[in-house]
Amino acid sequence: METSRKLIRKQSLEKLYNQLSATRKVYAPVIADDKQVEFKYNPGFAEVTFEHIRSTLSVKNIAFPKVENLFLYSNGKTESTITDIDLNKIPEVVLWGSHPCDNAAFDALRSIFEWDIKDEFFSKRMEKLVVIGLSCHLSDAYCFCTSVGLAPNSSKGSDILLSPLHNGDYQADILTEKGASIVNSFSELFESTSGEEVVLTTVKQKFDHEKVTSKLNGAFEHPFWVENSLRCIGCGACAYVCPTCACFDIQDETRGKNGKRYRSWDSCGFSMFTLHTSGHNPRNVQSARWRQRIMHKFSYMPDRNQSLGCVGCGRCSSGCPVDMNIAEQLEALQNI
Amino acid sequence: MSENIYKPYLMEIEQIVEETPDVRTFRLKFKNTAEAEKFSFKAGQFGEYSVLGEGESTFCVASPPTRNGYIECTFRKAGRVTKGLANLEVGDTVGFRGPYGNTFPIEEWEGKNLLYIAGGIALPPMRCVIWNTIDLREKYKDITIVYGARSVSDLVYKHELKDWAERPDIKLITTVDPGGQTPDWKGEVGFVPMVLEKAAPSSENAIAILCGPPVMIKFTMPVLKKLGFLDKDIYTTLENRMKCGFGKCGRCNVGKVFVCKDGPVFSYEQILALPEEY
Amino acid sequence: MARIGVFVCHCGENISATVDCGKVAETIGKLKHVAYSTDYKYMCSDPGQTIIKDAIKEHNLTGVVVSACSPRMHEPTFRKACAEGGLNPFLCEMANLREHCSWVHEKNDLTTEKAIDIVRSQVEKVKLNSALQPIKVPVTRTALVIGGGIAGIQSALDIANCGHKVVMVERSPSIGGHMSQLSETFPTLDCSQCILTPRMVEVAQHPNITLYTYAEIESVEGFIGNFKVKIRKKAKSLDEKICTGCGLCTTKCPQKKIPNEFEQGMGMRPAIYIPFPQAVPNRPVIDREHCTYYIKGKCKVCEIVCPTKAIRFDQPDEILELEIGAIVVSTGFDIKHADFFPEYGYGKYKDIIDGLQFERLASASGPTTGAILRPSDGQVPKNIVFIACAGSRDPAKGIAYCSKICCMYTAKHAMLYKHKVHEGKAHVFYMDIRSGGKNYDEFVRRAIEEDHVNYIRGRVSTIYERDGKLIVKGVDTLLGAQPVEIVADMVVLATAGIASSGAEELAQKLHVSYDSHKFFAEAHPKLKPVETNTAGIFLAGACQNPKDIPDTVSQASGAAVKVAALFSQSELTREPLVAAVNRSGPPMYSTCVGCFLCQSVCPYQAIEREDFKTRDGKIIKTVAKINEGLCQGCGTCVALCRSKSIDLQGYSNNQVYAEVVALLNEY
Amino acid sequence: MSDFEPKVVAFVCNWCTYAGADLTGTSRIKYASNVKIIRFPCTGRIDFMLLLKAFANGADGIIVSGCHPNDCHYTSGNFHAKRRWIMFKELMDFMGVDMNRITFSWVSAAEGAKWADVVNTTVTRLREMGPYVSYRDLVNKSVEEEVKNE
Amino acid sequence: MNNLIARAKELLENKIVQVIVGYEAGPTGVARPAFITNPAKADLLIYDERCVQNLAVYLTKPEVRNLGKMAIVATLPVMRSIMMLISEQQIFADNIIVLGVSSDGSLLDIADIKVMQAYIEKSDLGNPVKDRALLVELNKLSKEERFAYWQKELSKCIKCYACRQACPLCYCTRCTVEVNQPQWIPVQSNTHGNMEWHILRAMHLAGRCISCGECGRACPVGIPCHLLTMQLADEVHNYFKVYAGTSEKMSSVLSTFEPNDKESFII
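Line by line, the protein sequences give chains A, B, C, D and E.
Just remember that my numbering sits 1052 ahead of the position in the first sequence, which is counted from 1.
Just remember that my numbering sits 1 ahead of the position in the second sequence, which is counted from 1.
Just remember that my numbering sits 138 ahead of the position in the third sequence, which is counted from 1.
Just remember that my numbering sits 85 ahead of the position in the fourth sequence, which is counted from 1.
Just remember that my numbering sits 275 ahead of the position in the fifth sequence, which is counted from 1.
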């Protein structure tokens, strides 16, 4: 569809939020007691932050929850029955105020979940999701969206993208049908653009991702991996805060006769991730696991899923207990 | 309602064969006949077998697509799921998702000699293709099967080995490791590579299919090369750990290659191109 | 495959009076994997057991739950029945519906529901049971007896007479122990040496007994049936094979001023010496600590005088390595040295002696050839005071226990004194008279009534010298704590019996536990008084706590029977309910990470180290390994293991977890 | 709460408390039927995780019991257990888990009457305390957490 | 710091060690673990108040061990971790050189394990001051409030196990959470399962925690999970009068006992 651009005044924005949150689930960022930025369902508008650089966790759980039931089962003496999850019950959710990197991540996730066989759990959640993104007027040393083909105001993945204007109002880019339908339902709140400048942060480009991708071909055996992963302690923090990491585990949990099969987030950084029952482990050292993480995002995914597996949000690096800085490593990688 | 790709077919255990003290073969029948009719698979493909409450485990379909109405799987009691499977009885329910993965290119092999080499519990993933080609016997020339196990009691499919041995159109060589033989053992005694070298099947117009523990593969490959087999004419299967079976969960890849999608069947030529991550 | 059979017993009406057994069987029968479920009046009766055996065959059962009485009652019965039915006995579990349910609750639905819950949890457990085989451990049928006192002698002879080999190790130059020092023994007053020395000789001559005197335990490794013991044979400095024991050397030795240990310091001995005339073996040793040659580098008188040229000054200590199947520890006791009692002036006053010194005085072979003469001037004491409980039962002195033998030997001492010094006066200060034992109290009464020993119930507060006499001040509590003062010529302290010196080191070498007084600890104070916590190591005599000769000999024979029972078969069979550390293929080998915290919780030293090495011998990983011969199956290591690498057969993590879940959830 | 019957799981050692409970039975001393016993060889074998699992599976209370100090069949298992329970109790207290719901006791094989008493006092206390709602809520809420997007 | 660099250079140049485990400054200015194998790169080493990670975690990491003999920049918690690791037989005292640094950043002369022990013994071994204050606050709350507090905190846990991986004493190659027979800890993250995990972790560190606080610091979602182990470290001291990691021969309190251990809750 043809995209369009409107203006929404600060007061109207509040009205829009309130009206949306009165009728549906709105997932918006707030600053929690412990100063961490987290997304919450339907917080009051006053609570919603427009001043955050990044939330601690990404918003991927809206489409790929950390735990998701795949089906329920019941075991009788010999008979077993399976009950499907009613995906139609998945509610419509408005994701509010998420930044362009996080919104672009939905495309990366889609490239995995809808590649080859379509994962209905993901697709259904995406179908019910409307993203009202917010361009970034703040950034920090961990941000590197510009290195992965994005920008503080990338519209990728957003249905509507709000960008702050100097006077405190917002420019609204209406990017999809879903976005348009929201704007249409609240058309009284939107005005024509005024020509006011948007306030955007600048994020310095640290590396050229295409160059990285091409370097990674044939870099499998490079000593780089061992040298640069010595510090890595093998936790799953980077994968769990990452907006595009999609690895998961499938488990059963039974109580009495009944139980559920669910999937939950997993991380390729864990030492047991690829362990065979025999005791053999194809990725038996941390360097192999670190390599997998970078390779997957910058080589395998572009190759197979036609999507980069990174949106430059910087969470993995800011959240890493030992400062495994991915941008730094990618910068180094493009020059090996 | 759209398709839930994680939902298994419910299968009923129709028959159980105790192959060895800890290896069993299940014959599974679809509970839902509509599902049975829709279902088809090819030699080499695998599936996710589940015990509801214990989880899923990945094995190849061990029966050939030429036998309709059921699938078979053979597993060794090792982890939580296989222990759960081992607790089941005829009539109990097993979940099955699949088929997944690629297949043995048996159409390409038509008109060729086939040499199957398997060790221990690696015969099951090969049994499907063996039977498949035997069932289409006239399309292939000589079929030779070399199968070794640690001891006589570790040999699986004992009754089928007997059938194969009796068939004039199949050459079967069975062997057990030194010390693993029983007094009435009539097969060879020795490790698979040595037995293979002794038998020295011709590589002329031949395909070799090789499955077994890493140490067996390691010592059998040079023998095959010596016999003149080309890398592209040797096939094997990889069995990396996987959860989903269709390229999403992120476990099974060897470099760029997804074992669940691009495998499990690989030619040795392909294997050589892979990074060492299997 | 899991095909479980459940057998609900009515126990007559013991269970069925409050539990609806039919309903239990029916409800349980609906559970997954339960192939057969029934109830019957008496499961333990022959017909009841037949039901189980038949069902095992008919339904091809893989597990059995007998829901009846306490497993502490009938578990062996039903395990045996299962075995007879063709099922591994360890695939049988019991649900305790009687002691833990029907007998303690009223008849109502809740009671039946509880019964169902109990049975269900056992069904879930038994599904996870493994078919276990008894553990077989080979047994080396040679016993080691450490200590050659009466305890060791008795044990060694009893074991040897059962036809088994015995190695006896004694650290002093002769066997015999404290008993050989005694004069006469209570309550019969027969001569100690007369009854002991024949036994000593028998030990020396017994074809099944190898005796090493002047030897000590260097190290002990291994486990029941399979100990590897290193013995240090200290150099005697002579060739025992050549020495005839003529004793010439001992008479010619110029160094003669060494306090004689056998005489409790009341006599002197030379540097080359035979401890006492009846010593076994009757060969001298050179005490290198006091020998002039070893101190000054010259002398060699003994070498010169020796008619057979048996002296070997350069003889080294010898280390022997022996394979041993069982060990009897009989290292005996010491007595608390009397300098422990400064208030009694021991050491200051020569005429205050301890009980063992009195034994030597009274002994016909002693320094005074049996005459009671006071050490200071050799005079016969006219007034003698015996003080019982010198140190014993005195928590303030750190010895809270009763030394058990003192009451009796004090009475004996008083009697012996009276028999030798008819006109003398004997006084005994005591706290209580403990004379339990056959003819013991009669013996004490005799001392009081026939020999007129003056028993004073009370403690002595102080002893001091006045005009060459010992003034003993105490109280008589029977006279209302009236002060008593006795002017004595001699005082004998019945000092506390304490652990033998070196007991702690030996216990550590043996990996046997010991109490705070360094006495060896028995495995169970009532039911395993002879065993230690380390399987295959037994206790005899006063190394466990002070005890008299009859008790010592009884226990020694008890220990011998334990050894003989162990040696009755070439293999030891043990219940396989033991712990195991998991194993897997390389490169992991085991999930055990080798922190060995389990080692410190194991009461049985059953946790060993196992190294996995590369072909060239480099250690890749060291992990814990359970010695099945030693593990008793307490499972403390299992609960401690952080990586869950240890599990316990019969009470595995999987099993107990399933029990908890099944008790609380309906299926 | 009057008709509330708490679910109680007892973790006991084989040699003392299990035998003691047998004696309660042979002595025909009645006690509340709420308690179900799980037998362990020794208190040293009892993993603290099992206690958590009992609460997770709906127990309202727990009894842990073994041999008196110095009476352990294995000499020291109960001493190790004691230290473990000291730590466990302090941690649970710190996390706000209600330790009044767990009774720790030493009951010997001769103390049949004490066992009945331990059970009855525990059950009476738990009846007064009511079901362990806060823990059950925690468990149930956790089950719902994963579907909160629905 | 200059002393540290000089010493590091000397050790590497003289091939006494093959690697220095220390700190360097990352591109965003935070300090982070560094592995210096080349004496020329020793200048990268820093030591200041930013250097907070407990480096002892690398002593058991296979790929770091493969580098050869190491020297490690060691603050008090690192030294105590080293003591624990030696006592639990994970490392050998002979294989490491301790470059002790005092709280003011000066290089200590830790010649051997005895010197280190003496240094540890004269140090304040209680929990860090700021955590003590937090513990006091929490202990003031009612039971119900504490239950609510931990529920709220632990609901944030995503089971990334950074707390475990950052802890030098969580060196197991297979953690209990990776055991699935039985499944002690649910794989998924939910408040109850998360709580079970944190109880398990704290219990496994009871008597072993050396109060470095690394678990809480590593947590990407800010759960103060170090307070759990620190509370137990306090209790261990209250009950048993010991601090973990003060001697190479020490056995943890849960693997030892005294017959007269006092408690007041067992009837």
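If you're looking for bench data, these hints aren't it; they were derived computationally from the structure.
Treat the hints with care, since some could be wrong.
[Claimed, not checked] Partner residues aside, some chain B positions facing chain A, computed with beta carbon under 8 Å:
(1) Y7
(2) K8
(3) L53
(4) F60
(5) T94
(6) P106
(7) E161
(8) G229
(9) K233
(10) N241
(11) C245
(12) F247
(13) C250
(14) N254
[What the hints assert, rightly or not] Okay, derived cross-link-like pairs now, SDA-like style, lysine to any residue, Cα gap no bigger than 20 Å in a straight line:
(15) A:K1129 x B:A87
(16) C:K195 x B:K257
(17) E:K431 x D:D222
(18) A:K1141 x D:V224
(19) B:K233 x B:P202
(20) B:K262 x B:P106
(21) A:K1309 x D:D178
(22) A:K1258 x E:V305
(23) A:K1118 x E:G497
(24) B:K78 x E:F310
(25) A:K1129 x C:K763
(26) E:K537 x E:G497
(27) E:K415 x D:D178
(28) C:K763 x E:C447
(29) B:K257 x A:W1167
(30) B:K262 x A:K1309
(31) A:K1208 x A:F1097
(32) B:K113 x B:R98
(33) E:K524 x C:H649
(34) E:K344 x E:V305
(35) B:K84 x A:T1130
Small disclaimer: the values here were computed from a predicted structure and weren't measured.
Glycine included, each C-beta is placed from N, C-alpha and C at the ideal position.
Each hint, compared with the structure:
Given hint, Y7 of chain B at the interface with chain A, holds; its Cβ is 4 Å from that chain's nearest Cβ, closer than 8 Å. The interface hint given for K8 of chain B is met, as the beta carbon of that residue sits about 5 Å from the closest beta carbon of chain A, less than 8 Å. Hint on L53 of chain B holds. Least Cβ distance to chain A is approximately 4 Å, under the 8 Å limit. Because the closest C-beta pair between F60 of chain B and chain A is about 12 Å apart, greater than 8 Å, the hint is violated.
Interface restraint check for T94 of chain B: the shortest CB-CB distance to chain A comes to about 4 Å, inside 8 Å, so the restraint holds. For the restraint placing P106 of chain B at the interface with chain A, the shortest Cβ-Cβ distance is roughly 20 Å, beyond the 8 Å limit, so the hint is violated. Taking 8 Å as the C-beta contact cut-off toward chain A, the hint placing E161 of chain B at the interface is violated, the least distance being around 25 Å. Given the 8 Å rule on beta carbons, the hint for G229 of chain B is violated: about 30 Å separates it from the nearest Cβ of chain A.
A least Cβ separation of about 22 Å between K233 of chain B and chain A goes past the 8 Å threshold, and the interface hint is therefore violated. Interface hint at N241 of chain B: satisfied, since its Cβ lies 6 Å from the closest Cβ of chain A, which is below the 8 Å cut-off. The beta carbon of C245 of chain B comes within 7 Å of a beta carbon in chain A, closer than 8 Å, and the hint placing it at the interface holds. Checking F247 of chain B against chain A by beta carbon gives a least distance of about 5 Å; that is within 8 Å, so the hint holds.
Checking C250 of chain B against chain A by beta carbon gives a least distance of about 5 Å; that is within 8 Å, so the hint holds. Checking N254 of chain B against chain A: minimum C-beta separation of about 7 Å stays under 8 Å; hint holds. A distance of roughly 16 Å separates the Cα atoms of K1129 of chain A and A87 of chain B; the hinted pair therefore holds under the 20 Å criterion. With a C-alpha separation of about 55 Å, the suggested pair K195 of chain C and K257 of chain B falls outside the 20 Å cut-off, and the hint is violated.
Of the pairs offered as hints, the one joining K431 of chain E and D222 of chain D holds, with about 17 Å between alpha carbons and a cut-off of 20 Å not exceeded. In summary, the hint linking K1141 of chain A to V224 of chain D is not supported, as the alpha carbons are separated by about 23 Å, beyond the 20 Å threshold. The hinted pair formed by K233 of chain B and P202 of chain B meets the criterion: a straight-line CA distance of about 17 Å does not exceed 20 Å. For a cut-off of 20 Å, the pair hint linking K262 of chain B to P106 of chain B stands: about 15 Å separates their Cα positions.
Distance hint between K1309 of chain A and D178 of chain D is unfulfilled; the C-alpha atoms sit about 33 Å from each other, more than 20 Å. Between K1258 of chain A and V305 of chain E the CA atoms are separated by roughly 18 Å; this keeps the pair inside 20 Å, and the hint holds. Of the pairs offered as hints, the one joining K1118 of chain A and G497 of chain E holds, with about 18 Å between alpha carbons and a cut-off of 20 Å not exceeded. Of the pairs offered as hints, the one joining K78 of chain B and F310 of chain E is violated, with about 44 Å between alpha carbons and a cut-off of 20 Å exceeded.
For the suggested pair K1129 of chain A and K763 of chain C, the alpha carbons sit about 40 Å apart, so the restraint of at most 20 Å is broken. For the hint linking K537 of chain E to G497 of chain E, the alpha-carbon distance of about 36 Å lies beyond 20 Å, and the restraint is violated. For the given pair, K415 of chain E sits about 12 Å from D178 of chain D by alpha-carbon distance, which is consistent with the 20 Å threshold. Between K763 of chain C and C447 of chain E, the direct Cα distance comes to roughly 17 Å. Compliance with the 20 Å bound is thereby established for this hinted pair.
Under the criterion of a C-alpha separation no larger than 20 Å, the hint pairing K257 of chain B with W1167 of chain A is consistent with the structure, at around 15 Å. Under the criterion of a C-alpha separation no larger than 20 Å, the hint pairing K262 of chain B with K1309 of chain A is inconsistent with the structure, at around 34 Å. Distance check on the hinted pair: K1208 of chain A and F1097 of chain A sit about 25 Å apart at the alpha-carbon level, beyond 20 Å; violated. For the given pair, K113 of chain B sits about 33 Å from R98 of chain B by alpha-carbon distance, which is inconsistent with the 20 Å threshold.
As the CA atoms of K524 of chain E and H649 of chain C are separated by approximately 18 Å, the hinted pair is consistent with the 20 Å bound. Taken as a hint, the K344 of chain E and V305 of chain E pair is broken in the structure, with Cα atoms around 27 Å apart against an allowance of 20 Å. This hinted pair checks out: K84 of chain B and T1130 of chain A have alpha carbons roughly 17 Å apart, not beyond 20 Å.
Hint check: violations occur at hints 4, 6, 7, 8, 9, 16, 18, 21, 24, 25, 26, 30, 31, 32, 34; the rest are consistent with the structure.
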